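Heads up, the sequence shown is in the working numbering, so the first residue is 2 and it goes up one at a time.
The set of hints was computed from the structure by calculation and includes no laboratory data.
Careful: at least some of the hints might be erroneous.
Claimed, not checked - No farther apart than 25 Å at their CA atoms in a straight line, the calculated lysine to any residue pairs in the SDA-like style are these:
no. : residue 1 : residue 2
1   : Lys-106   : Trp-121
2   : Lys-106   : Glu-28
3   : Lys-106   : Pro-48
4   : Lys-106   : Thr-127
5   : Lys-106   : Val-27
Unchecked claim - Derived Cβ-Cβ restraints for the label pairs, each shown as a range:
no. : residue 1 : residue 2 : range
6   : Glu-124   : Asp-97    : 16 to 26 Å
7   : Leu-104   : Phe-76    : 20 to 30 Å
8   : Glu-31    : Ser-85    : 30 to 40 Å
9   : Leu-13    : Ser-143   : 37 to 47 Å
10  : Asp-93    : Ala-14    : 32 to 42 Å
11  : Gln-50    : Glu-124   : 15 to 25 Å
12  : Phe-76    : Ala-140   : 31 to 41 Å
13  : Ala-21    : Gly-114   : 23 to 33 Å
14  : Val-88    : Glu-7     : 37 to 47 Å
15  : Arg-144   : Glu-7     : 43 to 53 Å
Since the structure is predicted, the reported quantities are computational estimates derived from the model, not experimental observations.
The beta carbon of each residue, even a glycine, is placed where N, CA and C say it ideally should be.
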Amino acid sequence: MTTTPEVSPRLLAAAEFYRANFAWDVEIGERTLALRLTAGTAAFSVPFQAKNQRFLSENAAISRCPLILTPGAHFRVHALVDASDFVIPDQDLPDDVHFHRPLSKVLLPPTVGARGAVRWLREPSTKERWLPLASGVFAALSRSNRRLSGYRRRTWRDQDGLS
Numbered sequence: 002m003t004t005t006p007e008v009s010p011r012l013l014a015a016a017e018f019y020r021a022n023f024a025w026d027v028e029i030g031e032r033t034l035a036l037r038l039t040a041g042t043a044a045f046s047v048p049f050q051a052k053n054q055r056f057l058s059e060n061a062a063i064s065r066c067p068l069i070l071t072p073g074a075h076f077r078v079h080a081l082v083d084a085s086d087f088v089i090p091d092q093d094l095p096d097d098v099h100f101h102r103p104l105s106k107v108l109l110p111p112t113v114g115a116r117g118a119v120r121w122l123r124e125p126s127t128k129e130r131w132l133p134l135a136s137g138v139f140a141a142l143s144r145s146n147r148r149l150s151g152y153r154r155r156t157w158r159d160q161d162g163l164s
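Construct the entire structure; sequences and hints are all you get.
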């Protein structure tokens with residue numbers, strides 16, 4: 002007879018908090034807590050780099066998003082959004098931007114993995130339970146990506162001596 006591993010009381014308390022305050026569909030694993038993205042909830046993720054930090058904190062569309070830092074081989078920032086009326090094919094996404102559609106899962110704090118702890122960069126507010134619209138966040142990410150890719154193209158041309 003196998004025994005079921007015991008779930009951490011911290012995970013149970015966090016799951017209850019997310020369910021009670023935000024009505025999120027939370028899945029509890031042995032050592033993980035995951036948000037199941039439902040019909041109206043989705044997430045954009047971008048690499049966590051120094052050049053993105055200021056953009057994530059100062060952009061009006063993104064400044065209202067709950068932001069989750071997920072460790073891994075490459076750390077990523079997940080921005081939770083309301084995607085009720087948002088449809089976009091993967092080929093239309095900017096470079097390095099992933100769109101996590103409903104039925105996907107996003108790890109939530111206080112999950113701790115082999116590469117570190119999942120943590121909030123911007124916690125959700127119990128006073129403002131609504132997520133920002135995906136279309137506004139997508140537009141902000143697209144503008145930022147165009148600006149950065151234009152800079153990269155100029156830099157590559159300059160390095161090749163073609164400018």
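- Item | Which numbered hints fail | 12
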